[in-house]
Amino acid sequence: AQSVTQLGSHVSVSEGALVLLRCNYSSSVPPYLFWYVQYPNQGLQLLLKYTSAATLVKGINGFEAEFKKSETSFHLTKPSAHMSDAAEYFCAVKRGFKTIFGAGTRLFVKA
Amino acid sequence: DAGITQSPRHKVTETGTPVTLRCHQTENHRYMYWYRQDPGHGLRLIHYSYGVKDTDKGEVSDGYSVSRSKTEDFLLTLESATSSQTSVYFCAISESERTGGISAEAFFGQGTRLTVV
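Residue numbers (our numbering), protein chains in the order written: chain A, 1 to 111; chain B, 1 to 117.
Hints are computed from structural coordinates only; laboratory data are not their basis. Hints should not be assumed to be uniformly reliable.
[As the list claims (entries may be wrong)] Sample of chain B residues with no beta-carbon within 10 Å of chain A, all distances over it, derived:
1. Pro8
2. Glu14
3. Val19
4. Asn28
5. His41
6. Arg44
7. Gly63
8. Ser65
9. Ser67
10. Arg68
11. Glu72
12. Thr77
13. Leu78
14. Ser80
15. Gln110
[As the list claims (entries may be wrong)] Distance ranges between label pairs, derived from CB positions:
16. A/Leu7 - B/Ser84: 44 to 54 Å
17. B/Val52 - A/Ser70: 36 to 46 Å
18. B/Thr5 - A/Gly8: 29 to 39 Å
19. B/Thr17 - A/Ser70: 22 to 32 Å
20. B/Ser65 - A/Gly16: 16 to 26 Å
21. B/Ser80 - A/Leu20: 37 to 47 Å
22. A/Lys69 - B/Glu27: 32 to 42 Å
23. A/Ala111 - B/Thr26: 33 to 43 Å
24. B/His10 - A/Lys68: 40 to 50 Å
25. A/Glu66 - B/Gly40: 23 to 33 Å
26. B/Tyr50 - A/Ile60: 23 to 33 Å
27. B/Thr26 - A/Asn61: 21 to 31 Å
28. A/Lys68 - B/Thr15: 44 to 54 Å
Cβ atoms here follow ideal geometry from the backbone N, Cα and C, with glycine treated the same way.
Same shape as in the complex, but just chain A (with noise of 0.2 Å):
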């Protein structure tokens, strides 16, 4: 069965750093995989996804992901955070008509 795996709950950062937020899958066929976010009392907004057109995907904000077959992996990125990026961060796989989230990463930047 497809799942994601979302590898820290809550990650911290200082305005300006590079923000990574890691994704794992776990998938038998190639899989269709996305971002998202979700602004406190709101709901989920797309970030970017895959669907095997290129390994290297780029959203919004300045954000982008690299699928990696090799590590099962669907890491999020943006060399540069800026406070308006605290949210939490919500990688998603495609199974089917279903849409199969991991468990979110809350992402904090300080000042």
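Please arrange chain B on chain A, whose structure you already have, making use of the hints.
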């Protein structure tokens, strides 16, 4: 925000009472979903719909039922609310239909915070 509205946004109800949450979309998307969000669990799929009157169970469907009589509306009903159903509920609609039915849930509602006392 995409044309997706959840109502009510907040509700407090007593154990044992029925509760219905509504999701309304103006995007004419085929796929609609209900999730619940709880700390440490991410979002878990309750039920989903792939067309009018076409629904199926997700991973946490016990105690919930759904109905979709029109493309734009997807209702989630808690037949007899329990404290374990206290949660934030999200409705989602698909971004688009693609070959093989693979599509992304690109649009989420604002959520309904339900408290069962």
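Results for each hint:
1. At roughly 15 Å, the least C-beta separation between B/Pro8 and chain A is larger than 10 Å, which holds for a residue marked as non-interface.
2. At roughly 25 Å, the least C-beta separation between B/Glu14 and chain A is larger than 10 Å, which holds for a residue marked as non-interface.
3. No beta-carbon of chain A comes within 10 Å of the beta-carbon of B/Val19; the shortest separation is about 20 Å.
4. Residue placement check: B/Asn28 keeps its beta carbon more than 10 Å from all beta carbons of chain A (closest about 17 Å).
5. A beta-carbon of chain A comes within 10 Å of the beta-carbon of B/His41; the shortest separation is about 6 Å.
6. Under the 10 Å C-beta cut-off, the non-interface status given to B/Arg44 relative to chain A is violated; the minimum distance is some 7 Å.
7. Every beta carbon of chain A lies more than 10 Å from that of B/Gly63, the smallest distance being close to 19 Å; the non-interface claim holds.
8. The Cβ of B/Ser65 lies farther than 10 Å from every Cβ of chain A, with a closest approach of about 18 Å, so its non-interface assignment holds.
9. Annotated as non-interface, B/Ser67 keeps its C-beta farther than 10 Å from every C-beta of chain A; the closest such distance is 18 Å.
10. With a minimum CB-CB distance of about 14 Å to chain A, B/Arg68 clears the 10 Å threshold, and the non-interface call stands.
11. Remark: the non-interface label on B/Glu72 is consistent with the geometry, its nearest Cβ contact in chain A lying 18 Å away (cut-off 10 Å).
12. Consistency note on B/Thr77: stated as away from chain A, and its beta-carbon is indeed over 10 Å from all of that chain's, at 20 Å minimum.
13. Here B/Leu78 stays apart from chain A, with its beta-carbon at least about 20 Å from theirs, past the 10 Å limit.
14. At roughly 26 Å from the closest C-beta of chain A, the C-beta of B/Ser80 stays outside 10 Å, upholding its exclusion from the interface.
15. The Cβ of B/Gln110 does not lie farther than 10 Å from every Cβ of chain A; its closest approach is about 5 Å, which violates its non-interface assignment.
16. For A/Leu7 and B/Ser84, the hinted distance range of 44 to 54 Å is not satisfied, since their beta carbons lie about 28 Å from each other.
17. Between B/Val52 and A/Ser70, the C-beta spacing of about 44 Å keeps the proposed range 36 to 46 Å intact.
18. Take B/Thr5 and A/Gly8: their Cβ atoms lie about 34 Å apart, and the range 29 to 39 Å holds.
19. Range check, B/Thr17 to A/Ser70: about 52 Å between beta-carbon atoms, so the 22 to 32 Å window is missed.
20. Between B/Ser65 and A/Gly16 the beta carbons are some 50 Å apart, a value that contradicts the proposed interval 16 to 26 Å.
21. The given range of 37 to 47 Å is respected by B/Ser80 and A/Leu20, whose C-beta atoms sit roughly 45 Å from each other.
22. Between A/Lys69 and B/Glu27 the beta carbons are some 33 Å apart, a value that agrees with the proposed interval 32 to 42 Å.
23. At about 40 Å, the CB distance of A/Ala111 to B/Thr26 agrees with the hint of 33 to 43 Å.
24. The beta-carbon spacing between B/His10 and A/Lys68, approximately 42 Å, falls within the hinted interval of 40 to 50 Å.
25. Against the hinted window of 23 to 33 Å, the Cβ-Cβ separation of A/Glu66 and B/Gly40 comes to about 27 Å, which satisfies the hint.
26. A C-beta distance of roughly 28 Å is found between B/Tyr50 and A/Ile60, which places it inside the suggested range of 23 to 33 Å.
27. Separated by about 26 Å at the C-beta atoms, B/Thr26 and A/Asn61 satisfy the suggested range of 21 to 31 Å.
28. For the hinted restraint 44 to 54 Å between A/Lys68 and B/Thr15, the CB-CB distance of approximately 47 Å keeps it satisfied.
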